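From first to last, the protein sequence lines stand for chains A and B.
Heads up: the first sequence at position 102 corresponds to 102 in the numbering used here, and the numbers run straight through without jumps.
Heads up: the second sequence at position 29 corresponds to 29 in the numbering used here, and the numbers run straight through without jumps.
Among the clues, some could well be false.
[As the list claims (entries may be wrong)] Here are the simulated lysine-lysine pairs, DSSO-like style, with alpha carbons at most 27 Å apart:
no.: 1; chain 1: B; residue 1: LYS301; chain 2: B; residue 2: LYS316
no.: 2; chain 1: B; residue 1: LYS67; chain 2: B; residue 2: LYS262
no.: 3; chain 1: B; residue 1: LYS111; chain 2: B; residue 2: LYS80
no.: 4; chain 1: B; residue 1: LYS33; chain 2: B; residue 2: LYS303
no.: 5; chain 1: A; residue 1: LYS5; chain 2: B; residue 2: LYS303
no.: 6; chain 1: B; residue 1: LYS67; chain 2: A; residue 2: LYS79
no.: 7; chain 1: A; residue 1: LYS79; chain 2: B; residue 2: LYS80
no.: 8; chain 1: B; residue 1: LYS262; chain 2: B; residue 2: LYS250
no.: 9; chain 1: A; residue 1: LYS23; chain 2: A; residue 2: LYS127
no.: 10; chain 1: B; residue 1: LYS80; chain 2: B; residue 2: LYS255
no.: 11; chain 1: B; residue 1: LYS33; chain 2: A; residue 2: LYS5
no.: 12; chain 1: A; residue 1: LYS5; chain 2: B; residue 2: LYS301
no.: 13; chain 1: B; residue 1: LYS33; chain 2: B; residue 2: LYS80
no.: 14; chain 1: A; residue 1: LYS79; chain 2: B; residue 2: LYS111
no.: 15; chain 1: B; residue 1: LYS303; chain 2: B; residue 2: LYS316
Don't read these hints as lab results, they were simulated from the structure.
Source: prediction; values computed, not measured.
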Amino acid sequence: MTQRKVRVLIAKPGLDGHDRGAKVIARALRDAGMEVIYTGLRQTPEMIAEAALQENVDVLGLSILSGAHNALVPAVMEKLLEYGLDDVRVFVGGIIPQKDIPRLLDKGVSAVYGPGTNTQIVVADIKDSLHPQSN
Amino acid sequence: MPQIDPDAIRQGDRLNLSRALTAVENGTPEGQKLESALFPYSGHAHLIGMTGAPGTGKSTLVNQLVKLLRQTNDENPAPKIAIIAVDPTSPFTGGALLGDRIRMQALAGDKGVFIRSMASRGTLGGIAQNTAAFATILDSAGFDIILVETIGAGQAEVEISRLAHTVVVVDAPGLGDGIQAIKAGILEIADILVVNKADRPGADNTANTLQAMLEMGQNSQGKLFTLGKHLRDDLPGEAFYVPIEQPGWKTPILKTIASEGKGVEGLINAIQCHRSFLVTSCLWEQKETQRLRYALEALIKDKLVHRWQQNLDEDKFESVIADLIQRKISPIDAASELM
Chain A
1 MTQRKVRVLI AKPGLDGHDR GAKVIARALR DAGMEVIYTG LRQTPEMIAE
51 AALQENVDVL GLSILSGAHN ALVPAVMEKL LEYGLDDVRV FVGGIIPQKD
101 IPRLLDKGVS AVYGPGTNTQ IVVADIKDSL HPQSN
Chain B
1 MPQIDPDAIR QGDRLNLSRA LTAVENGTPE GQKLESALFP YSGHAHLIGM
51 TGAPGTGKST LVNQLVKLLR QTNDENPAPK IAIIAVDPTS PFTGGALLGD
101 RIRMQALAGD KGVFIRSMAS RGTLGGIAQN TAAFATILDS AGFDIILVET
151 IGAGQAEVEI SRLAHTVVVV DAPGLGDGIQ AIKAGILEIA DILVVNKADR
201 PGADNTANTL QAMLEMGQNS QGKLFTLGKH LRDDLPGEAF YVPIEQPGWK
251 TPILKTIASE GKGVEGLINA IQCHRSFLVT SCLWEQKETQ RLRYALEALI
301 KDKLVHRWQQ NLDEDKFESV IADLIQRKIS PIDAASELM
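Here chain B stands alone, though its shape is the one from the complex (with noise of 0.2 Å):
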């Protein structure tokens, strides 16, 4: 296998870029060193997550959108567009069955798209663990939006908040009461929300009990007090910040038909009005902030956990097992036993 040339990614060179993103999933040597060398290329891309529960119709949607996102006028250049599809691994036999691309169709043979296909391998919330570096290598590829389709998701899969500028949840009628909308999780993560099957009974429904649910956090919602940009004026020099009051994000409800098309130039339409919303609030910085401290914290909790393992006593590990079997140590103590 040819070596992968980091600068032919940066150009555009998808042969290299698909290597790449291999590399970087199975967490080889060369996958990192690329990481590394493409990382300072990246922070330009709007990241778009798309999430709801399985069936809601997440790919169709993805499929209306970007295929009217790169149809725009002579003026705006189209921008280039990247989908990550996360599908879920069997968590008997490590298998996956990949099927996101089947309602990609219409999108096959837009050079300005690339769509790849992602197992969750293992990782729980909803996307995998190294999605947010196919998110690098791909924003270092001059990708202008990354669209992340997570697995179909419940309740509490929520990861991909962490990732996203921009999450949108798909719901669709008929799948749950309103007690489902008021419980915490994926629903809080929307900055927009779509009632996807509009023209299911039960669709007005749906957007009333979600509408309902918002109004309910209004308080919360509709003035957004945020870590701001602003020093205080009588600690000068001091980097210590105060909460300043904010317009907020009104978080929308949209209906569509995605198996149509209908709904979705709305749909775009609130996506760049978070967009903009995002980085005239600064809140776009603060993102990619907390984005990159979680991804460090994460990365630095693996490496502990390694170094942890190699310097193991293999026989005291066995024998503190034993106690614990035995109920002669609590977990809380054998774990500080073992650090």
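Bound conformation, chain A alone (with noise of 0.2 Å):
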């Protein structure tokens, strides 16, 4: 039996221990339909290449809320290359102040989500990002 399911890994890089965000993300991805991996709190980015890597995920969401996003984004991305998961779709959502966002996207980022976003306009961009010529 074939069946594709979008994996997506959500992790808590550094040291806030904040995770309402990441669980409410958590929980309208999975209500989409996919198969979403937790990983808890004060991650560091080689942990979170290392689960991304095991669990050969589709889409990784980084939820910050310390204000160290403009150190840690760059070394998760870092390690990303470094492990050969190029391929990974990495969003980020929490506090970011919109001066950094482009230095973010920059940095490969594909899309970054502040406080109030709708879950369903994230869940809309991992569908449209995975399949572009589906609705």
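Got two chains here, separate frames each, mind docking them using the hints?
What follows is the structure in structure tokens.
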């Protein structure tokens, strides 16, 4: 039986301990029919890349509320590249000032979502990016 | 997507391994080819099943178990360990939240450990349809131990006993009375019983109830009659297996506090004892035979259903359904009609 499922890793790099947002997005993606792997709090970039490798995910969502995104996101992107995971689509959610967004996109992040983003937008973006021809 | 290289998997390349697992999980033609290519190199790993009700601490126990197993001394190199963590797929949306990794953070960064989460994708029985195929691929990749953590299992999720050499059933205090313990099902498949969260009130009670349950079954459990390899003397050459009496395996009951790592050493000892028992009693081979036979039968069933569907006359099918709804024909006769 052939069935293709979108696999997503939701990870929280760095030291902030607030994972409500990560859980909300994990739940929304689950309800959209995706297989969501949640790693828990306080992950290093290496741990995240390692989990993305072992789980062979299509998408990686990083939730950061600590303000350290300018350091953490490039570090994660670098590790992904090192592990040969340059085809993984990365999005970032959390408290990210507008002025920092271009720099993150420049590092290869495909989208940044701030507080209050409708989860359905995230779902639609993921589906669009993986199956550009459908819907 | 570049092609997946089976030789690279055998040499330990984890990116190829991980992609192969996805192909196998999705049942793609490439996945089937990889499974066929790698199957001859499997059959070495010790498959250990960890099962039990939700929230008994299976993931935490797996975490501690693997951490300790990886700490072996200089004389024995630490075994390479793969973990397949199965969680349920939502029957409504087809999605799944796979959260077993959260409890396994202590294993991150250890390159000798490979953790893969797996959604059940609608398969009942506590593991997924392709969990056995996962085990084959990981086995061929050189993992010495493959731990399969089932979904939080109730009473009837016993598929793991067909797959694993050693089944550990994890229980915790306060989950049910003595009647639960003598029901058929999950407790029957235990090679090792663990009462986790042993610092909680009622742990002794739980252990005692399980002990009583095992003793009730002592007649069948204490002396194990099994199909041995001894050919009957009076029928030379004929492959006729007779039951021989063997000292049986006595299911031990262990208490652990997984969150503190207590009792985990005892569990490792029990697992290693069980492995030795299987090997010396020839049950290892017997389990392998049973497992492969079962897998083969399941595949044949799948293929037969598939072939039947392809040759099906849709109109006839609809008319039989119509007769069935009007109760002109019974389900059994309807099935015969359509075969």
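Now the hints, each set against the structure:
| no. | hint | in the structure |
| --- | --- | --- |
| 1 | LYS301(B) to LYS316(B) | 23 Å, holds |
| 2 | LYS67(B) to LYS262(B) | 13 Å, holds |
| 3 | LYS111(B) to LYS80(B) | 9 Å, holds |
| 4 | LYS33(B) to LYS303(B) | 16 Å, holds |
| 5 | LYS5(A) to LYS303(B) | 23 Å, holds |
| 6 | LYS67(B) to LYS79(A) | 24 Å, holds |
| 7 | LYS79(A) to LYS80(B) | 23 Å, holds |
| 8 | LYS262(B) to LYS250(B) | 22 Å, holds |
| 9 | LYS23(A) to LYS127(A) | 19 Å, holds |
| 10 | LYS80(B) to LYS255(B) | 26 Å, holds |
| 11 | LYS33(B) to LYS5(A) | 20 Å, holds |
| 12 | LYS5(A) to LYS301(B) | 24 Å, holds |
| 13 | LYS33(B) to LYS80(B) | 25 Å, holds |
| 14 | LYS79(A) to LYS111(B) | 15 Å, holds |
| 15 | LYS303(B) to LYS316(B) | 22 Å, holds |
When held up to the earlier numbered hints, the structure conflicts with none and fits them all.
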